[in-house]
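2 protein chains.
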Amino acid sequence: MKYSYISHLYCPKCEAVYDTKQQHQLCICGSPLLVDYLWDELKAELKRDEVAKRQPDLWRYHELLPVENEKNVVSQGEGMTPLIAMPTLGADMDVTNLYMKDEGLIPTGTFKARGAAVGVSKAKEVGVKEFAMPTNGNAGAAWALYGAKAGIQSTIVMPQDAPKITRNEVALSGANLYLVNGLISDAGKIVGQAVKDFGLYDVSTLKEPYRIEGKKTMGLEIAEQMDWEMPDVILYPTGGGVGLIGIYKALNELKKLGWVEGDLPRLVAVQATGCAPIVKAWQENKNESEFWVNSSTQAFGINVPKALGDFLVLDAIYKTQGCAIAIDDQAMLAEQAKVARLEGSFICPEGAAVFAAIRQLQKEGWIKEGETVVALNTGAGIKYPDTVNIEVPTLEKGDSIEREQIAGN
Amino acid sequence: MKYSYISHLYCPKCEAVYDTKQQHQLCICGSPLLVDYLWDELKAELKRDEVAKRQPDLWRYHELLPVENEKNVVSQGEGMTPLIAMPTLGADMDVTNLYMKDEGLIPTGTFKARGAAVGVSKAKEVGVKEFAMPTNGNAGAAWALYGAKAGIQSTIVMPQDAPKITRNEVALSGANLYLVNGLISDAGKIVGQAVKDFGLYDVSTLKEPYRIEGKKTMGLEIAEQMDWEMPDVILYPTGGGVGLIGIYKALNELKKLGWVEGDLPRLVAVQATGCAPIVKAWQENKNESEFWVNSSTQAFGINVPKALGDFLVLDAIYKTQGCAIAIDDQAMLAEQAKVARLEGSFICPEGAAVFAAIRQLQKEGWIKEGETVVALNTGAGIKYPDTVNIEVPTLEKGDSIEREQIAGN
Chain Y
1 MKYSYISHLY CPKCEAVYDT KQQHQLCICG SPLLVDYLWD ELKAELKRDE
51 VAKRQPDLWR YHELLPVENE KNVVSQGEGM TPLIAMPTLG ADMDVTNLYM
101 KDEGLIPTGT FKARGAAVGV SKAKEVGVKE FAMPTNGNAG AAWALYGAKA
151 GIQSTIVMPQ DAPKITRNEV ALSGANLYLV NGLISDAGKI VGQAVKDFGL
201 YDVSTLKEPY RIEGKKTMGL EIAEQMDWEM PDVILYPTGG GVGLIGIYKA
251 LNELKKLGWV EGDLPRLVAV QATGCAPIVK AWQENKNESE FWVNSSTQAF
301 GINVPKALGD FLVLDAIYKT QGCAIAIDDQ AMLAEQAKVA RLEGSFICPE
351 GAAVFAAIRQ LQKEGWIKEG ETVVALNTGA GIKYPDTVNI EVPTLEKGDS
401 IEREQIAGN
Chain X
410 MKYSYISHLY CPKCEAVYDT KQQHQLCICG SPLLVDYLWD ELKAELKRDE
460 VAKRQPDLWR YHELLPVENE KNVVSQGEGM TPLIAMPTLG ADMDVTNLYM
510 KDEGLIPTGT FKARGAAVGV SKAKEVGVKE FAMPTNGNAG AAWALYGAKA
560 GIQSTIVMPQ DAPKITRNEV ALSGANLYLV NGLISDAGKI VGQAVKDFGL
610 YDVSTLKEPY RIEGKKTMGL EIAEQMDWEM PDVILYPTGG GVGLIGIYKA
660 LNELKKLGWV EGDLPRLVAV QATGCAPIVK AWQENKNESE FWVNSSTQAF
710 GINVPKALGD FLVLDAIYKT QGCAIAIDDQ AMLAEQAKVA RLEGSFICPE
760 GAAVFAAIRQ LQKEGWIKEG ETVVALNTGA GIKYPDTVNI EVPTLEKGDS
810 IEREQIAGN
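Protein chains in written order, with the working numbering: chain Y, 1 to 409; chain X, 410 to 818.
Don't take every hint at face value.
As the list claims (entries may be wrong) - In silico DSS-like links for lysine-lysine, alpha-carbon gap of 25 Å or less: (1) K164(Y) to K456(X); (2) K806(X) to K189(Y); (3) K319(Y) to K2(Y); (4) K306(Y) to K480(X); (5) K422(X) to K456(X); (6) K164(Y) to K747(X); (7) K538(X) to K598(X); (8) K319(Y) to K397(Y); (9) K689(X) to K462(X); (10) K573(X) to K480(X); (11) K338(Y) to K538(X); (12) K207(Y) to K806(X); (13) K689(X) to K573(X); (14) K338(Y) to K480(X); (15) K598(X) to K452(X); (16) K53(Y) to K462(X); (17) K747(X) to K728(X); (18) K338(Y) to K573(X); (19) K747(X) to K129(Y); (20) K13(Y) to K47(Y); (21) K573(X) to K397(Y).
Hint data in this document are derived by calculation from the structure and do not stem from the laboratory.
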């Protein structure tokens with residue numbers, strides 16, 4: 001048995017093929033590259049029951065991941081996050097079978113750790129010494145910290161409005177950190193120049209082929225955790241869209257292996273009304289999105305005006321009879337409070353947008369009675385201290401609490 | 410097979426015995442109560458290999474936990490946090506076999522979720538409708554959120570200096586939150602009065618018997634993750650000390666079951682020099698600690714001037730030939746940066762104190778060549794944004810990075 005059954009890289013646009021021993025970025029045609037595997041061998045040699053016996057992290061699927069030598073694996077125990085039933089919230093929105101895949105329980109507190117773990121491991125394998133990336137905060141934090149563990153130097157550029165906690169993570173890792181007075185697209189231009197000037201490996205979203213392989217493990221895990229029965233709907237907060245592309249890739253791969261059967265779940269891209277390029281493109285039945293001018297949302301992770309992989313996101317939506325939907329910040333933050341109050345989970349605004357989307361899609365009849373619905377919460381609420389505004393009474397030593405102060409009594 | 414093999418509650422001081430169907434607080438003698446189980450039945454009916462096949466959360470040990478009816482379990486997927494090898498940091502401090510149990514990867518981002526999951530579940534089972542507690546932040550956040558999921562109302566009082574993120578967690582859960590201009594001991598007095606005035610269930614540290622059962626799962630998991638071989642040393646950041654008491658209880662229980670053999674690991678209580686009552690008591694060979702006046706440390710979770718369970722912590726240290734050690738804030742924060750840089754993990758200051766303690770104990774020869782050492786990191790660094798001070802250059806749109814700005818090149 002091989003550790004990885006990786007076969008080659010291919011371009012989903014022009015069908016060019018690349019080997020996996022060298023460092024690659026985009027295809028010469030400008031498209032992101034995808035990883036393919038030796039499906040016949042894999043089908044013959046790996047059984048899903050075998051996977052179930054392994055350690056509860058994403059490396060349990062190592063045959064389906066691109067790292068060929070186990071010694072290159074850079075891991076901090078990421079993956080196999082819980083899939084949690086949400087019966088009380090579900091009852092509140094008339095969705096009987098509601099689940100949350102909670103990506104808050106992962107190193108750095110967001111799903112970005114998956115892409116970083118696999119991406120950094122493969123970067124180590126192909127000899128990368130230094131990489132650079134623009135980020136809205138969480139991806140940069142994950143890549144800088146996994147880079148530190150791998151001994152790879154990193155340069156990270158983020159908007160000055162990105163969550164402050166992510167600055168700490170990047171700085172403490174020993175990375176070169178820069179803020180920019182602008183958006184992630186402005187950070188991207190600065191990184192692009194640095195990559196050219198200094199020959200750095202560019203790990204911007206989809207500019208290296210392996211982060212998507214890390215993120216696809218969310219799809220693999222959902223299938224395994226549902227006992228290899230696919231849900232009816234999976235909703236994903238969509239900025240760069242790599243998570244959604246990854247889940248779509250994962251479920252297709254599981255079908256190839258015969259581990260799941262039947263129709264794929266309908267995939268839903270959830271965006272913010274202040275930055276909804278994918279939603280607009282889907283509404284207009286287009287295959288690519290347009291740059292969203294003056295984008296703005298408190299859900300910082302999905303403030304991406306134009307995603308390089310937009311055509312892959314839209315393809316996944318169309319092929320699965322999914323949809324795209326935009327949620328305003330107010331509805332998002334109201335839903336964040338509801339999830340905490342009804343299910344005891346402090347989720348991130350991006351995750352809250354997904355639950356608000358479910359509420360709306362149920363009302364519109366798009367989600368039907370009895371359907372099984374999986375919401376991706378992409379991160380822990382504790383990474384976004386500024387989205388919650390509260391007023392708290394302060395007592396002095398020796399004060400006592402008055403009963404009428406206690407709510408609900 | 411029963412879901413729980415709980416037998417009764419007992420007092421470790423006066424040996425009084427209590428049933429487990431009623432709500433209990435302290436023993437009539439004032440001591441915390443502990444939970445006992447039906448060891449003969451358990452030994453006959455439960456095998457450790459059986460546990461290994463279960464879901465990766467702390468409820469895999471349900472027979473060793475106090476909740477008798479599975480329907481009362483309030484879970485968000487907590488437990489089976491990773492045990493991570495730290496070879497680079499280990500080499501840096503000449504400790505060859507260094508591991509970190511990472512309690513950052515758990516709901517609410519700290520180990521407090523374990524106590525809350527089991528404590529709230531059992532509170533639900535014995536019919537609690539409303540509880541109250543003082544907290545340094547993290548425990549209150551965990552209990553309020555798990556309380557919300559269980560449908561139990563909570564009243565939480567915390568020092569106004571407690572980490573601000575924990576205010577958000579408590580407030581969003583719908584709990585009654587109060588700040589106090591003072592320490593956790595002042596918050597405790599206010600809670601004590603409210604408990605008396607309004608007949609609330611008091612879930613202050615060790616004033617209810619079940620939180621410790623949740624925390625003991627850290628010990629169960631360490632044993633299972635080390636393939637039922639006990640490490641030589643386990644170090645724990647010690648405020649209230651429940652984690653250390655729990656780990657000691659767990660390892661003794663595993664010995665009773667015959668799942669582990671040999672000497673228990675030497676248990677080490679790590680405190681801050683600004684609040685070190687257990688260290689002082691241990692140095693003076695006493696069985697109880699004295700109230701630490703004017704306590705102060707950036708590691709807020711271990712700012713506990715006098716712990717109710719101090720005698721149990723000291724007993725565990727003495728019985729295992731362990732020790733107690735104090736670390737100053739500067740060494741703690743320097744170690745936090747080192748762990749990020751060398752192992753890519755952004756840990757909390759309390760966890761960083763543990764690694765600083767290992768460094769010191771190795772220098773002193775107390776930790777010996779080749780010993781296996783497990784450090785508990787009790788929470789994610791992202792919950793403490795104010796402990797990291799960094800300066801970051803800000804660029805304007807269109808600026809470029811100068812090569813000399815890039816460190817390490």
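Tell me, which hint numbers fail for this structure? The structure breaks hints 1, 3, 4, 5, 8, 9, 10, 13, 15, 17 and 20; every other hint is satisfied.
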